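Undergrad: Go ahead and model the full structure; you've got the sequences and the hints to work with.
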Amino acid sequence: MGRVSSRWVAGVFACVMVCAGCTDDQPTVDPSISSPGTTSESLVSLTQGDACGEAFFWAATKKGDTAVTVTITAEPRSFVDDSYFSLTEYNIDLYVSVLRGKHLERNFCTDVIMGNWQPTSSQKAVKGTGEIVLGPASVHVGQGCGKTRGSLKLDGLVAEDGTRFAPITVESQNIGCLAG
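Per our numbering, the very first residue in the sequence shown carries number 1; after that it's consecutive.
If you are wondering where the hints come from, they were derived from the structure by calculation, not from laboratory data. What you are looking at is a predicted structure, and each value in this text was computed from that prediction instead of being measured. Misleading hints may appear alongside valid ones.
[Unchecked claim] Label-pair ranges, simulated between beta-carbon atoms:
| id | residue 1 | residue 2 | range |
| --- | --- | --- | --- |
| 1 | Lys62 | Gln123 | 14 to 24 Å |
| 2 | Lys102 | Asp81 | 39 to 49 Å |
| 3 | His103 | Thr169 | 20 to 30 Å |
| 4 | Thr120 | Lys147 | 21 to 31 Å |
| 5 | Thr88 | Ala166 | 15 to 25 Å |
| 6 | Pro76 | Arg106 | 30 to 40 Å |
| 7 | Thr47 | Pro119 | 16 to 26 Å |
| 8 | Asp111 | Gly156 | 33 to 43 Å |
[To be verified] Straight-line distance between alpha carbons at most 30 Å, and here's what the computed DSS-like set of lysine-lysine pairs gives:
| id | residue 1 | residue 2 |
| --- | --- | --- |
| 9 | Lys62 | Lys153 |
| 10 | Lys62 | Lys127 |
| 11 | Lys63 | Lys153 |
| 12 | Lys63 | Lys127 |
Virtual Cβ for every residue (Gly too), placed ideally from N, Cα, C.
TA: Here it is as structure tokens:
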């Protein structure tokens, strides 16, 4: 039997040390909604958001470089009870957009649009589910501003480019407030 070189022993030792950390306790991700090797740490968290208009919701990262917008036609809508609208795998791409840019949050639900804060890219959501709940509509058009509540919840949201989002929740009293 030949002599074992110190280089070979060092290589085997390095492999053993690296593999010692490889256990079945590693976080797992559903491969149908992510790229191999991603973990829950790679989910984008949207920490600010609001709503306005008949049913326009937005949420953005703290830096405002990534935002999700949701727009629905809120009809029919009750004047007495809450109205519920489902976002499903079959219609999520029709209502949800993912935007990239700078300070995106500054141009949502405002009368003063700043050109340097416009999105630099836009894409559709391709996966996810959610629900929008709107409080009763105001009987008097234009008098619901600041008095009508709305909420948005999205789970499992994935953009066309594979970007995955942490669960999104937006609560607002500004449904019915129209910019312009």
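Undergrad: Check the structure against each numbered hint from earlier and tell me which ones fail, lowest number first.
TA: Hint check: 4 fails alone, others pass.
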